[in-house]
Amino acid sequence: MAPVVLLRAAVATTGRFPALAGVDLELGQGEVVVLEGANGAGKTSVLRACAGLLPLSAGEATVLGHDLRRDAAAVRRAVGLLGHSPALYDDLTVAENLRFSLRAAGAPAAGRAELLGLLERTGLGGRVAATAAGRLSAGQRRRLGLAVVVGRAPMLWLLDEPHAGLDAEGRTLLEGVLAEALAAGASALVASHEPEVVVPLADRVLTMGGGRVVRSRRGGRRRVLAGGAHVA
Amino acid sequence: MWRDAVLVAGKDLRIELRSRVVLHQVLPFGVLVLLLFAFALGPEHGPLRQAAPGLFWLAVLFAGVLAVQRSVAVEGGEGTRDGLRLSGLDPAGIFLGKTVAVVVELLVLEAVLAAGVLLLFGAGVRSAGLLVLASLAGTAGMAAIGTLYGSLSAGLRVRETLLPLLALPVLAPVLVAGTRAWQLGLGTGPSGGSGPWVAMLLVFAAVYLALGVLVFGPLQESA
Chain A
1 MAPVVLLRAA VATTGRFPAL AGVDLELGQG EVVVLEGANG AGKTSVLRAC AGLLPLSAGE
61 ATVLGHDLRR DAAAVRRAVG LLGHSPALYD DLTVAENLRF SLRAAGAPAA GRAELLGLLE
121 RTGLGGRVAA TAAGRLSAGQ RRRLGLAVVV GRAPMLWLLD EPHAGLDAEG RTLLEGVLAE
181 ALAAGASALV ASHEPEVVVP LADRVLTMGG GRVVRSRRGG RRRVLAGGAH VA
Chain B
1 MWRDAVLVAG KDLRIELRSR VVLHQVLPFG VLVLLLFAFA LGPEHGPLRQ AAPGLFWLAV
61 LFAGVLAVQR SVAVEGGEGT RDGLRLSGLD PAGIFLGKTV AVVVELLVLE AVLAAGVLLL
121 FGAGVRSAGL LVLASLAGTA GMAAIGTLYG SLSAGLRVRE TLLPLLALPV LAPVLVAGTR
181 AWQLGLGTGP SGGSGPWVAM LLVFAAVYLA LGVLVFGPLQ ESA
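Residue numbers (our numbering), protein chains in the order written: chain A, 1 to 232; chain B, 1 to 223.
These are calculated hints, taken from the structure and not from any lab test.
Fair warning: there could be bad hints in the mix.
Unchecked claim - If the Cβ cut is set under 10 Å, some of the chain A residues that face chain B in the computed set are:
| no. | residue |
| --- | --- |
| 1 | R76 |
| 2 | G80 |
| 3 | H84 |
| 4 | A87 |
| 5 | L92 |
| 6 | F100 |
| 7 | A132 |
| 8 | A164 |
| 9 | A168 |
| 10 | R171 |
| 11 | T172 |
| 12 | V214 |
| 13 | S216 |
If you're wondering where the values come from, they're calculated on a predicted model, not measured in any experiment.
By construction, the Cβ of each residue, glycine as well, lies at the ideal position given by its N, Cα and C atoms.
Work out the full structure, taking the sequences as your base and the hints as a guide.
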């Protein structure tokens, strides 16, 4: 089966600085790969490159079957990115932000009933749904960003510090929706500074440094196979 | 493209309804410009009437740049520009949607400024249809140029100061043709046919709308 993400000697620059200096990375279907490393190691750049937001200047890159260098628009439509700052309009309400994002993406969950369900599911129902996004706490903004990703139902989840700003309930919610997506065949690339939280969720952990992958090790995820067996 | 344009225009207009930045800041600015021109030209109605068309379009131009800056700023929040690129929306649809929203806002502003010109400057109306047609065409061109140059300067730290520098020289034909058409519509200028001026405004709007549809995508990528 073709990998969901395939980067070969991927190079990208932001301004005059090399953000990625020859990254090799492969992500299979249903797999969770965690990226760890110091600040500036290139974790966020890998996620942005895989989302089609950071153009590559050299190397090969395929995401969900699309050539990243030739068809970034198709990649953008197909992935779900939860970045540091969710794409929110402060003057619109929570419900309006979610509705706009999902309608723009042509997501199947853009109907009224689906939106309400999604808002309830992410703890943003009731009065919060009618609150301007500019009045939300950091954790609630994060939840709204997560609701957008869930609503888009992508086959590739790109999560940048996904647990940051979330309370215990929010973290449980995040891990729950991610587990559901993985069970449905999605894959995830997660950048995090919290190894104790994300390594148990990962099939593999890649350590980044200087814009490239410098080490790879197994994560702690145990996948449940049909019949109840586990694979480490 | 059209579906995306409607979606983006609806979103921008809803944001304006909530924030009322154009209503509470840009509109008073436009009225203030008209008043200051009136103070500068003195209390005599003659010179004011003569200058009314030009002053109207200058006030619209200055206020229009502010409205466009607001439209650009809406997408300038952390993550929103990336969000728009990730949304899958057609860049041409985004351009048209943002342009339509600015047109609607400017038409409201122009209605108030036109009333101000008629009341403050004592101008009369000879051809209301010509005034409306010139305003519609001029506003469409102005909004298209503003949105285009707004996207060009969107990623820059100096975008607030750069946008007027880029847009105002290009908008000079709108100022000239709009003023000439309004002179004829208000009966304050030399007599003649309004056709060439209205045609110039229409061609200008059509050219920049087409240009925006074609190049907005690449501009969005490079910003």
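We went through each hint and held it up to the structure:
no. : hint : in the structure
1   : R76  : 5 Å, holds
2   : G80  : 9 Å, holds
3   : H84  : 7 Å, holds
4   : A87  : 2 Å, holds
5   : L92  : 6 Å, holds
6   : F100 : 5 Å, holds
7   : A132 : 7 Å, holds
8   : A164 : 14 Å, violated
9   : A168 : 25 Å, violated
10  : R171 : 21 Å, violated
11  : T172 : 24 Å, violated
12  : V214 : 27 Å, violated
13  : S216 : 28 Å, violated
This entry does not satisfy hints 8, 9, 10, 11, 12, 13, going by the numbered hints stated previously.
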